[in-house]
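Given chain U, put chain V in place with the hints provided.
These protein sequences, in sequence, are chains U and V. Sequential numbering from 1 applies to the first sequence in UniProt numbering. Sequential numbering from 1 applies to the second sequence in UniProt numbering.
Treat the hints as calculated values from the structure; they're not laboratory data. Here a beta-carbon is modelled for each residue, glycine too, at the ideal position from N, C-alpha and C. Misleading hints may appear alongside valid ones.
Unchecked claim - Reference listing, derived: stretches of chain U covered by chain V, where coverage requires no fewer than 3 residues with Cβ under 8 Å from a Cβ of chain V:
{"hint": "1", "stretch": "76 to 83"}
{"hint": "2", "stretch": "273 to 283"}
{"hint": "3", "stretch": "319 to 325"}
Spelled out from the first residue to the last, the chains are:
Protein chains: 2
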Amino acid sequence: MENVTIRMLAERLQLSTATISKALNNSHEISEETKQRVLALAAELNYVPNPYASSLRKKASNTIAVVIPEVADSFFAEAINGIESVAQEKGYHVLIYLTHESFQKEQAILRDFQSGRVDGVLISVTTETAAAQHGLEQLVKEIPIVFFDRVCEEITAAKITTDDATAAYKATTHLIAGGCRQPVMLSASRHLSISNKRTEGFRQALADHQLPFTAASIIYCSNDTIATHELLKKAIQKEHYDGIIATTEKLATAVYEAAAALHLQIPHDLQVIGFSNLSTAKFLNPSLTTITQPAFDMGKAAAALLFKALKSSSFALPEQQEVIPSTLLIRNSTLAAAD
Amino acid sequence: MENVTIRMLAERLQLSTATISKALNNSHEISEETKQRVLALAAELNYVPNPYASSLRKKASNTIAVVIPEVADSFFAEAINGIESVAQEKGYHVLIYLTHESFQKEQAILRDFQSGRVDGVLISVTTETAAAQHGLEQLVKEIPIVFFDRVCEEITAAKITTDDATAAYKATTHLIAGGCRQPVMLSASRHLSISNKRTEGFRQALADHQLPFTAASIIYCSNDTIATHELLKKAIQKEHYDGIIATTEKLATAVYEAAAALHLQIPHDLQVIGFSNLSTAKFLNPSLTTITQPAFDMGKAAAALLFKALKSSSFALPEQQEVIPSTLLIRNSTLAAAD
Chain U
1 MENVTIRMLA
11 ERLQLSTATI
21 SKALNNSHEI
31 SEETKQRVLA
41 LAAELNYVPN
51 PYASSLRKKA
61 SNTIAVVIPE
71 VADSFFAEAI
81 NGIESVAQEK
91 GYHVLIYLTH
101 ESFQKEQAIL
111 RDFQSGRVDG
121 VLISVTTETA
131 AAQHGLEQLV
141 KEIPIVFFDR
151 VCEEITAAKI
161 TTDDATAAYK
171 ATTHLIAGGC
181 RQPVMLSASR
191 HLSISNKRTE
201 GFRQALADHQ
211 LPFTAASIIY
221 CSNDTIATHE
231 LLKKAIQKEH
241 YDGIIATTEK
251 LATAVYEAAA
261 ALHLQIPHDL
271 QVIGFSNLST
281 AKFLNPSLTT
291 ITQPAFDMGK
301 AAAALLFKAL
311 KSSSFALPEQ
321 QEVIPSTLLI
331 RNSTLAAAD
Chain V
1 MENVTIRMLA
11 ERLQLSTATI
21 SKALNNSHEI
31 SEETKQRVLA
41 LAAELNYVPN
51 PYASSLRKKA
61 SNTIAVVIPE
71 VADSFFAEAI
81 NGIESVAQEK
91 GYHVLIYLTH
101 ESFQKEQAIL
111 RDFQSGRVDG
121 VLISVTTETA
131 AAQHGLEQLV
141 KEIPIVFFDR
151 VCEEITAAKI
161 TTDDATAAYK
171 ATTHLIAGGC
181 RQPVMLSASR
191 HLSISNKRTE
201 GFRQALADHQ
211 LPFTAASIIY
221 CSNDTIATHE
231 LLKKAIQKEH
241 YDGIIATTEK
251 LATAVYEAAA
261 ALHLQIPHDL
271 QVIGFSNLST
281 AKFLNPSLTT
291 ITQPAFDMGK
301 AAAALLFKAL
311 KSSSFALPEQ
321 QEVIPSTLLI
331 RNSTLAAAD
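One chain only, chain U, in its complex shape (with noise of 0.2 Å):
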């Protein structure tokens, strides 16, 4: 007779494998009804639990993932750092998970992790990412999780940010003070809640300094390093900005590009802040005056939340939520002195 497995029982009753590991097991986040359902199933077909299966299970944790867009940018190696600072203290490994910014990779890493892969996960979603669409929803019941940075404001979930809109009025507001009449905030998405976030902070400064918030005040700027190039080249000319907000570490390069490509002064033709982590910002010609994120405690927080999750099943990990705020560090690129 056909050994009955798990992965059989979740197949006739068209759950996943942990939901039904999680039945078996009686936890508490699965319904009563669902319990009974799975229960009846395992009697009916005989189901005995494995225990070489179960111990190949246990050896296959220890271990969390962390799911990121990308490594070449200095904020998720730094959050990284922070991760396993904590990881590290508690005898666990790391897996690190890159999405590269696609929707569709990053779902195929979540369906990954429902064979039991991991014990838990920290992620900071892809630009692509809106959550209606999303598998993380159900992750979120069936996995201890927690968001950092790029986090989905519509589930109810665990998650670390930083003052996004503080930050982008502080950028603003920096600007301004330095003379700049036409800024422009280089955006990664239209979806993410950090963008708008941003945007927010951005178009409450220009509205408190009388300034226009207009279709020119924004420009969203895809992962194709190229036509980013292109965009922002025609655009500088185009508008005249007279000053830039670069959300991320990569548009602040770019920046950097397409004023060389110009012949335009930064920061006298042009004033540049970055939100970036960069090493070398201090040592840019001219240097970077930046929006630095708190990376490494970032990711600190969210790993020892998780870390909390995974001792103890009555915290109430969901309902965690931490800000830790960003810092304006003032250099060469922008002409206002500090307040």
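Showing chain V alone in chain U's frame:
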């Protein structure tokens, strides 16, 4: 009666679970003698292969691991992109593990692979790793593995490297052509073969230009940023170096830090070449002359080899070697013109 598992067989025979599994599957990688020992014990204990365990094991697959020291370095960030460009096409997940230059952490990660979590491994070893003490030699026999960039010379295994000796020779010659008489090389390790090859190229270039190679010609720097900064400042003041070859990205940034602290002008007081893939190298003040390593192509080539081995068990993976050349990109941190 307790189920007999592969793990039990492994414990009884003092072999890894991977070896037992391969022996039971009649793998050519296992000696006849070992196969006989495994089969004899399996028969004695009435071992029955477990279909669920085997499916779980399969489920834990379609995955390759990348083991690297860190991601806060453009070389590794780009190499990952090269690796993922291949893995994506093959429908594989890529798990990234960081060693943070710790040999102990590396060993813990390698042990984790013996559970069959991944199908293959791409590795760039830590600055502490010396072949002799290492579990790597054993792992190479148990799982398909490709070394890239930081390889272990003493182990017979597939290796993708760049022309480190030639690149260091070129860098040194370039400094000498720009008037340097007291060049120094900053090295990250006394153990790594790539470090030793760079030393060799550096030494040869000095000899070919009748310059002495002394105890002060090489500085070994640790992974500790603050200690490196102090070490560099003191050494530059004491030895009056006029040219520096920084063999990692972090060391290049450290030289800019030290020069600023000592009020030395680059390139007039001190010329600098960095082994680096920094996207901001051309925007630094002054722009940084680099030995640019083919990071993306090295990652891609390493992944391509690994997938060949995963596709065909007769592919002689450990015999594969490829060297992809680096390029000298001359910018403003050095004085000599191009040849």
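How the hints compare with the structure:
no.	hint	result
1	76 to 83	holds (count 5)
2	273 to 283	holds (count 4)
3	319 to 325	violated (count 0)
Consistency note: the structure conflicts with earlier hint 3 alone.
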